[in-house]
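One line per chain: the protein sequences are X and Z, in this order.
Be aware that the first sequence starts at 1, since it is given in this note's numbering, and climbs by one per residue.
Be aware that the second sequence starts at 115, since it is given in this note's numbering, and climbs by one per residue.
For the record, the hints were derived by calculation from the structure and aren't laboratory data.
Heads up, a few of these hints could be off.
Derived lysine to any residue pairs resembling SDA-like cross-links, with alpha carbons at most 25 Å apart [what the hints assert, rightly or not]:
1) Lys50/X with Pro63/X
2) Lys324/Z with Val261/Z
3) Lys50/X with Cys32/X
4) Lys99/X with Gly146/Z
5) Lys50/X with Gly31/X
6) Lys50/X with Pro149/Z
7) Lys50/X with Gly146/Z
8) Lys324/Z with Arg178/Z
9) Lys324/Z with Thr161/Z
10) Lys324/Z with Pro62/X
11) Lys324/Z with Gly64/X
12) Lys50/X with Leu268/Z
13) Lys50/X with Pro253/Z
14) Lys110/X with Leu93/X
15) Lys99/X with Arg201/Z
16) Lys324/Z with Gly54/X
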Amino acid sequence: MSIFPYLAAAWLFLIGLYGVVTSRDYVYLIGCLTVIQSATYVLLLAVGYKLGAGAPIFADHPPGTPAVDPVVQALVLTDIVVGAAVTALLLSLALQLQKHRGTIDPDELKPTQD
Amino acid sequence: MSRHIRSVAFVVMALILVPFIVAGLSGLPAFGNYPGPYGDIINAIGTPVRHITNMVTGVNYDFRGLDTLGEEFILFASVTGIVMLLRGARGEAKSADALRIEHRRREGRSEAVMGAGRLLAPITLLYGIYVVLHAQITPGGGFQGGVIVFGAVLLAYLGEGYSVWRHVAHSTVLDLTEALGAGIYVIGGLIPMFFGARYLQNILPLGETKTITSGGLIPIINFGVGLAVAAGFLSIALELLEETRATGGDGS
């Protein structure tokens, strides 16, 4: 039971990597990258979890009540937002590629010739 | 390299990788047994020494404030990259001029979508601002609240149409707001140094716990992050929506 979260993280990482390797489309590849990224979220949150503890927020219960690790939550929270912006940057790269080369299939891209 | 060889290579490499993953994971503490002590210490001292009740915010904007500065600039660099890639390729003049698209057609929008957008946009905006301002008390903060504010302005796009949205999300205003947000963080961190303290050290009055002014420096730089995130995501949406206009025509 207690290894399921770690297995889920490993599975997300490998299935995302499989998607990257077999992708025939950069938009698909970027989607797979975010799957790999979410593996790190699952792993981090699993490491910081404490059985039976609550959220590390003491607005409605007094400080000192058992709470999970706030550090990993802070890491994940900032990365979700920043990761979304980085994904948008990658998608705009794919957009420019489509405009300039007419394809976003990595296999059809040949080195540019001037 | 053919697709077949690539798939075989992946399977081989994945099989080599699996023992390393298993070895790495087996060295971790068992699930549900967080060993501490870093997180436990922060949970214990956050309220007495910083007058905050949301420890995640405490980690982000105080105990590890410098790391969040780095994250903020990753966001800033991504937005700058997107604007350079898309607006740079399209030309500056066309992006800045909102009047050109005054009569962009409102095709494909049902009245239900418009009504829902108009109804939900102000409520969502208010909620987003609430989430930003209560960062140090309840779940929330500049990152989450900034994204909710961004969502509210996108709902205004659904409710009011493209030209109104372009007047709200004006690229110059967004650029300035994002720079202001990042500037508040950087300069807010410098202020303690004028008083002989370290960068981002929290020397401001801490205020009363569970009020929106509590936490000293935390609400200030948190607000900066909220501004930067909302304006940054709006810049991204603006540039991406402009792309659809450039290729698909504006219908005017």
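State the violated hints by number, sorted upward, taking the hints as numbered earlier in the document. 3, 4, 5, 12
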